[in-house]
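Peer 1: Let the hints inform the model, and build the full structure from the sequences given.
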Amino acid sequence: MSENNAPALIGSSGDSLREAFGKELTRIAPEYPKLVVLDADVAGGTGVHHFRKAYPEKFLQFGIAEQNMVAAASGLAATGMIPVVTGFACFLERAYEQARLSVAYAGRNVKIVASHPGLDVGPDGGSAQALEDIAAFRAIPGMVVISPADPVEQALATRAILEYDGPVYMRTGRSGSVRLFNNDHVFEIGKGQIIRHGTDVTLVACGVEVARSLKAAEILAEENIEARVVNMPTIKPIDEALLQRCVIETGCMVTAEDHNIYGGLGSAVAEAVTKHHPCPIEFVGLKDSFGTSGEPDELAEHFQITAPYIAAAARRAIERKDKMQ
Amino acid sequence: MPISAAVQQTAAPLVSAPDIEVQIAEAARFTRRHLIASIYRATSGHPGGALSCADILASLFGAELNVWPASVDDPMRDRFVLSKGHACPTLYAIAAWHGFCDKTESLNLRKLGSPFQGHPHVKDLPWVETSTGSLGQGFAVAMGMAMGLRLQKIGARVYTLLGDGEMQEGSVWETAMCAAHHKLDNFCAIIDYNKMQSDALNEDICGLHPLADKWRAFGWEVFDIDGHDIPLILSTFHRAASVHGKPSVIIANTLKGRGVPYMEGSPAWHGSVKLSREQAETALNALGCTAEEIKEFLDV
Chain F
1 MSENNAPALI
11 GSSGDSLREA
21 FGKELTRIAP
31 EYPKLVVLDA
41 DVAGGTGVHH
51 FRKAYPEKFL
61 QFGIAEQNMV
71 AAASGLAATG
81 MIPVVTGFAC
91 FLERAYEQAR
101 LSVAYAGRNV
111 KIVASHPGLD
121 VGPDGGSAQA
131 LEDIAAFRAI
141 PGMVVISPAD
151 PVEQALATRA
161 ILEYDGPVYM
171 RTGRSGSVRL
181 FNNDHVFEIG
191 KGQIIRHGTD
201 VTLVACGVEV
211 ARSLKAAEIL
221 AEENIEARVV
231 NMPTIKPIDE
241 ALLQRCVIET
251 GCMVTAEDHN
261 IYGGLGSAVA
271 EAVTKHHPCP
281 IEFVGLKDSF
291 GTSGEPDELA
301 EHFQITAPYI
311 AAAARRAIER
321 KDKMQ
Chain C
1001 MPISAAVQQT
1011 AAPLVSAPDI
1021 EVQIAEAARF
1031 TRRHLIASIY
1041 RATSGHPGGA
1051 LSCADILASL
1061 FGAELNVWPA
1071 SVDDPMRDRF
1081 VLSKGHACPT
1091 LYAIAAWHGF
1101 CDKTESLNLR
1111 KLGSPFQGHP
1121 HVKDLPWVET
1131 STGSLGQGFA
1141 VAMGMAMGLR
1151 LQKIGARVYT
1161 LLGDGEMQEG
1171 SVWETAMCAA
1181 HHKLDNFCAI
1191 IDYNKMQSDA
1201 LNEDICGLHP
1211 LADKWRAFGW
1221 EVFDIDGHDI
1231 PLILSTFHRA
1241 ASVHGKPSVI
1251 IANTLKGRGV
1261 PYMEGSPAWH
1271 GSVKLSREQA
1281 ETALNALGCT
1291 AEEIKEFLDV
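For the record, the sequence lines run as chains F and C. Counting in our numbering, the first sequence tops out at residue 325, every number present. Counting in our numbering, the second sequence tops out at residue 1300, every number present.
It cannot be assumed that every hint is accurate.
To be verified - Non-contacting residues of chain F with respect to chain C, defined by C-beta distances greater than 12 Å in every case (computed): (1) Pro30; (2) Asp124; (3) His197; (4) Ser289.
Said to hold, decoys possible - Quick list of in silico lysine-lysine cross-link-like pairs, DSS-like style, CA-CA up to 25 Å: (5) C:Lys1183 x F:Lys34; (6) C:Lys1246 x F:Lys58; (7) C:Lys1183 x F:Lys58; (8) F:Lys58 x C:Lys1153; (9) C:Lys1153 x F:Lys34; (10) C:Lys1123 x F:Lys236; (11) C:Lys1183 x F:Lys53; (12) C:Lys1123 x F:Lys34; (13) F:Lys53 x C:Lys1153.
Stated by the list, open to error - Label-pair ranges, simulated between beta-carbon atoms: (14) C:Gly1155 x F:Lys287: 53 to 63 Å; (15) C:Ser1071 x F:Gly176: 45 to 55 Å; (16) F:Gly176 x C:Ser1114: 49 to 59 Å; (17) F:Tyr164 x C:Ala1241: 31 to 41 Å; (18) C:His1181 x F:Arg94: 11 to 21 Å; (19) F:Pro308 x C:Cys1206: 49 to 59 Å; (20) F:Thr292 x C:Asp1073: 44 to 54 Å; (21) C:Arg1216 x F:Asp288: 45 to 55 Å; (22) C:Val1243 x F:Gly63: 15 to 25 Å; (23) F:Asp322 x C:Ser1114: 55 to 65 Å; (24) C:Ser1071 x F:Pro30: 31 to 41 Å.
The hints are simulated quantities; they were obtained by calculation from the structure and are not laboratory data. Even glycine gets a Cβ: it sits at the ideal position worked out from N, Cα and C.
Peer 2: Set out below in structure tokens:
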């Protein structure tokens, strides 16, 4: 499924990613009798209030105590349950060591689903904007890391993580998101897809940056630069085959993510690309800084992760590619 | 290589209460000998806090847990989680006594390629129930097991052993609050209260007093007992099992290094120490080993 012919429906708004997650989890819950949802008093914020209302007996309230919640999830999984741990990304980071030892090292089938990642959090400010979560969880052996791009993909990924046997960290998102995919969209853990064709440069993105990369490709098209856009919802394991193919066919890349440029999607792409066919890569993301208060779009502009900056990075990448030839 | 009679002693069938107590005392004695030998052979390990909990683990495995080597995958089994994972030589020894693992192989502690790691790992040894080694986590994992069993209407109980220094981890109190809130009466924590931690006395590092009151205030049923009195440990397990509507904690007052006089009451033997041949021999001698048994434990 490396190709996706669904048109990018930029401009039509859908649910926020957290709502898409919470609603889909509730919808498919009857198919997973061992499913339990764990919450640290933020159900209204993470979207699992839908689940709480429908299945109160399978909704476990832990209070504001993420370390206990994540470790307890390991114990629940040890008895055969499928625990989905929910919380805000920044607060789940305080249970990082529990995710490392009690979940991943012990090999438990626990799903950690984090809402409110990145600058997308908005006005709550820098303290609440997790911009290092992908890097942190990606470094844990065996941990799958996912960041879907739109509500359709978020819903598909919600089922996929329940089907997958093993530890997963998945981002959702707080703000109203752009709908990109039709209902025939396909999501498979470990697979990216080309969502716009082009041969001059490849823009690889995850989460809210996929829509911005599509906009960047439109800006570039006006300059007769044909940018390929790759949606890469699984950061770990990364789709190396697709990246290799894109390097061969376009010769340079830009990565875009609502995350620090260190350790996240950009690093994962660079690691994969340099193993096979090294090429110029430009990284769009937070330049090793924390966030601050503001609306998500204002913040994206302030921290230079919007479409014009992705387009500028593409021009730099192409220029570097041309110098090498 | 000949397998030593001392190392390969086996647990006899249990019949009446006094017999059980005798058998548990014998298991505890074997456990102490075995852990001294494994720590000596590893050239590192934590003997003080391993010795202090030997009677507790011997009592649990000898009479309380409904788990046997053939039932380690049984969903109905009771669970035991060693939250103070650094005391794993005690767990390995009592497990060997009851046939969960080989008595000689389990002396191969902390070695490359051995499943008997310096802290227990469930993927190496399924009967350890979960991986521990970061204080506080095993307690929370065990509570999650108690929740999972109750959700599935399985009547098994979950036991976990914590160290006293472990209670300085803030997450312990998250779990304490949560278990009481959820009224997990299938959950029993035991505290190996030897009053010492890595560097010094608890009270000199970060005091725990008043410990029983803290747990009562968190909504737990508290039993404050001598952690070396086997009949009392057994009867307390029974009392804890009959508590309804809240979890139980057994504060087991113990002596660090119990059974090896030169280690007793000294925090110097908490940390990962290298035992000399002479120290190991002295310890085993104090634990009643003959010269021949000492040689077998240390050289087999």
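Peer 1: Would you mind marking each hint as holding or not holding in the structure?
Peer 2: Going down the list of hints, with the structure as the test:
1. Pro30: 16 Å, holds
2. Asp124: 23 Å, holds
3. His197: Answer for F:His197: holds, closest chain C Cβ roughly 44 Å.
4. Ser289: Since the minimum Cβ distance to chain C is about 29 Å, F:Ser289 lies beyond 12 Å and the statement holds.
5. C:Lys1183 x F:Lys34: Within the cut-off at roughly 21 Å; holds.
6. C:Lys1246 x F:Lys58: Distance of about 20 Å is within 25 Å: holds.
7. C:Lys1183 x F:Lys58: 16 Å, holds
8. F:Lys58 x C:Lys1153: 13 Å, holds
9. C:Lys1153 x F:Lys34: Satisfied, since the Cα-Cα distance of roughly 13 Å is no more than 25 Å.
10. C:Lys1123 x F:Lys236: Within the cut-off at roughly 22 Å; holds.
11. C:Lys1183 x F:Lys53: 22 Å, holds
12. C:Lys1123 x F:Lys34: 22 Å, holds
13. F:Lys53 x C:Lys1153: 22 Å, holds
14. C:Gly1155 x F:Lys287: 53 to 63 Å: 57 Å, holds
15. C:Ser1071 x F:Gly176: 45 to 55 Å: Holds - the Cβ-Cβ distance for C:Ser1071 and F:Gly176, about 53 Å, lies within 45 to 55 Å.
16. F:Gly176 x C:Ser1114: 49 to 59 Å: The hint (49 to 59 Å, Cβ to Cβ) holds, given that F:Gly176 and C:Ser1114 are roughly 54 Å apart.
17. F:Tyr164 x C:Ala1241: 31 to 41 Å: Given range 31 to 41 Å: holds, Cβ gap about 38 Å.
18. C:His1181 x F:Arg94: 11 to 21 Å: 20 Å, holds
19. F:Pro308 x C:Cys1206: 49 to 59 Å: 54 Å, holds
20. F:Thr292 x C:Asp1073: 44 to 54 Å: 52 Å, holds
21. C:Arg1216 x F:Asp288: 45 to 55 Å: Given range 45 to 55 Å: holds, Cβ gap about 49 Å.
22. C:Val1243 x F:Gly63: 15 to 25 Å: 23 Å, holds
23. F:Asp322 x C:Ser1114: 55 to 65 Å: 57 Å, holds
24. C:Ser1071 x F:Pro30: 31 to 41 Å: Since the Cβ atoms of C:Ser1071 and F:Pro30 sit about 32 Å apart, the hinted range of 31 to 41 Å holds.
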